[in-house]
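Trainee: Each chain, letter by letter, is given below.
Protein chains: 2
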Amino acid sequence: MTSLLLADVRPWGGDAVDVTIIDGLISDLSPAGNSTDSSTETEQRIDGRGLLALPGFVNAHAHVDKSWWGQPWVSYGGQPTTQGRIAHERAERDKYGIPSVDGAKAVLREFLRHGTTATRTHVDVDLGVELRGIANVLEAAAALGGAIDVEIVAFPQDGVLRRPGVLDLLDKAAAEGATSIGGLDPATIDRDPVGQLDALFEIAARRGVGIDLHLHDHGDLGAFQYELIAERTVQAGLQGKVNVSHGFALGELAPARQSEMVDQLGEAGISWTTVAPATSAPLPFREMRAAGVPIGLGTDGIRDLWSPYGDGDLLQIARGFARLHGLRTDEDLTYAVELATTYGASFVHRENHGLTVGARADIVLLDAENAPDVLVRAPRREYVIAGGQVVVRDGELQV
Amino acid sequence: MTSLLLADVRPWGGDAVDVTIIDGLISDLSPAGNSTDSSTETEQRIDGRGLLALPGFVNAHAHVDKSWWGQPWVSYGGQPTTQGRIAHERAERDKYGIPSVDGAKAVLREFLRHGTTATRTHVDVDLGVELRGIANVLEAAAALGGAIDVEIVAFPQDGVLRRPGVLDLLDKAAAEGATSIGGLDPATIDRDPVGQLDALFEIAARRGVGIDLHLHDHGDLGAFQYELIAERTVQAGLQGKVNVSHGFALGELAPARQSEMVDQLGEAGISWTTVAPATSAPLPFREMRAAGVPIGLGTDGIRDLWSPYGDGDLLQIARGFARLHGLRTDEDLTYAVELATTYGASFVHRENHGLTVGARADIVLLDAENAPDVLVRAPRREYVIAGGQVVVRDGELQV
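Residue numbers (my numbering), protein chains in the order written: chain U, 1 to 399; chain P, 1 to 399.
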């Protein structure tokens, strides 16, 4: 039995408590100074100095396999379209040793530094790398001792139907442990929305895995594909197992159409992940919440051949979400932080994620007054506890 | 004579140099290790460890008088319209002791912490505070020993014509040293665009000061006011002395109209400041550059009764600008950093601002590879030198 006492921390900025962690789980929360006297048994004690405590962040949409993080600066090239970026990445990635175990580890370490203790990552599966990227990511996660929980989406970045053989790779990935299979712009990349979706749903239903689709298409073309997805989700009985990533069109629809669409998504049990780009249309997040459409936040890729942006800090994404949606009240600003933490849990299949007894001890300590203050300043992570392991101490990464 | 040797720093990420600073000015730049041997005379030496060096940042649009920075969290209230915010601020500011010397000083210190060594600040002038806010800001700047250069815009936040007596206050402020007088939505706040503009231009021409107008109006109503301003600027011979702040409409115009407008602004010598809000239309910044319309970046107010956002970091604003405008190449990412530094100089009337001999020694050191890396990570400011004074050392504020 290993144990850790996290003394004098303020969950969500509330009253100070002592948190007892045993074997990687939160075993007790007591008012500060009143924790059960287990000093003789406690192996380690951290003085939380009244720091604000949040549950570990959940990055619900990442690409940890494709970054050049840690390498010398790579200038952006290629064409700024989806197909242009796909082609550029396939042409250049070998030069930078992408994918690799070290590359994935570098990204996961940055996630931990910023307080992310669980992530759903899309990992490229194509005719070039086949399933090697997935193996690299799993090896990187293992090398970090499980500090960060990694859930895999086998992601056909280069297309599905237009690359014969990719469906077999997705099927194999699903058989070997990927939690979901991905998809990508069925209309504009594969030029066959029904064909791609039918093929993905067939695998998902047969293998009992989820589906997580990158959808960049705008307006009515985007919306039409949401309808196709919702119809197939209900038909296949995959409610609660299908996610749309990006889904820019949803924010662009006229109010009546948008409202119908949100209801259809809710009825089909579809969830939504966003990286809240500055130039995207705001999501109807209040209506989505009311309709039971879970929303998760992700960083997307960081420092890769798609974009030079990103540092792995999910709080920056939460702040971007808040600004994009014009959030200002304490309740709304707190909601944006919750999106980065509590509400992310379902995207990594956690039933118990939070500062509660029995949850995995994923805890982030920040020098902040309250959750809105955390959001608007995104201050340094003073301590990060991941599965009971101290991975950041006084702002310095320990892994 | 006081002197400081800043050894082994990389201007804009280039080759390492030693920077000699004498009496607050940069007196020499030599390849690292080859600086003139003046060790017996040098009072202070800082080992730059190869850190990247940038000129001090210039915050071209701030409100340092109206923040509650440093006070316990103030929940957002009021209505999210310009008039709603004006009314809310006037009703609540006394409760938080706004404006005050301490309040202004708290904001200026945050600016210094983040590398801003010069700012143009709008300071509320209205029938309630009269010129007290300006006096507070000047006293705060003096208390910081001139580390941060502060240029004042006497800003009629509560309106001009609709508040009889405000014009006299602006005239008095201009007489007493304000560099510019401000204006605010001549159409939608004063309900008399021609009347407000004529009155402001009369004062500016007579007192020899500039004009800096907050314009929030959208579309054609915004554009019409830009035309009125450009016409009056030329008529009054105030080319180079008039600035539009915000100016959201410019990005919203149809291409042909926008192009004509940019030309008209260029011919009238009008400059533009933006805080690059996530939900605004991108500016035609390349066309503005070609037409000779200077662009400056500002933080706007931080933590005030208008908005809980903001931490005074101009690099965050530069990154917001870059993302809003879809910048990705090294050249463009570097341009965004230049907007925060070099290109800001004209907004605080500096002819020589940069890492050059003779310039005021305003230098920011960051642990970064190059300017694009600075932009996308906005890392901690390791050292900030302001007018030759070390105001940040190892990330810690010294003033």
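The reader is advised that the hints may include incorrect statements.
Note that the list lumps identical chains together, so a pair holds whenever it fits in one copy or between two copies.
What the hints assert, rightly or not - Below are the SDA-like pairs computed for lysine to any residue, each with C-alpha atoms no more than 25 Å apart in a straight line:
#, residue 1, residue 2
1, 172, 14
2, 95, 239
3, 172, 251
4, 172, 203
5, 95, 42
6, 95, 399
7, 172, 282
8, 95, 70
9, 172, 207
10, 172, 28
I should point out that these hints are in silico values taken from the structure, not numbers from a laboratory.
Trainee: For every hint, state whether the structure bears it out.
Mentor: Verification of the hints:
For a Cα distance limit of 25 Å, the shortest separation of residue 172 from residue 14 qualifies neither inside one copy, at 47 Å, nor across copies, at 49 Å. For the identical chains of this complex, residue 95 and residue 239 are neighbours neither inside a copy (41 Å) nor across copies (52 Å), given an alpha-carbon limit of 25 Å. For the homomeric pair residue 172 and residue 251, neither the shortest alpha-carbon distance inside one copy (35 Å) nor that between copies (49 Å) is at most 25 Å. When the C-alpha separation of residue 172 and residue 203 is checked against a cutoff of 25 Å, the pair qualifies only within one copy, where the shortest distance is 10 Å, while the shortest distance between copies is 76 Å.
Taking the closest pair of Cα atoms, residue 95 and residue 42 never come within 25 Å of each other, the shortest separation being 49 Å inside a single copy and 47 Å across copies. In this homomeric assembly, residue 95 and residue 399 never come within 25 Å of each other (Cα to Cα): the closest approach is 27 Å inside a single copy and 47 Å across copies. For a Cα distance limit of 25 Å, the shortest separation of residue 172 from residue 282 qualifies neither inside one copy, at 37 Å, nor across copies, at 45 Å. In this homomeric assembly, residue 95 and residue 70 come within 25 Å of each other (Cα to Cα) only inside a single copy, at 15 Å, whereas the closest approach across copies is 49 Å.
Taking CA atoms no more than 25 Å apart as the test, residue 172 paired with residue 207 passes inside one copy only; the shortest distance there is 10 Å, against 78 Å between copies. When the C-alpha separation of residue 172 and residue 28 is checked against a cutoff of 25 Å, the pair qualifies neither within a copy, at 42 Å, nor between copies, at 64 Å.
Of the numbered hints listed earlier, those contradicted by the structure are 1, 2, 3, 5, 6, 7 and 10.
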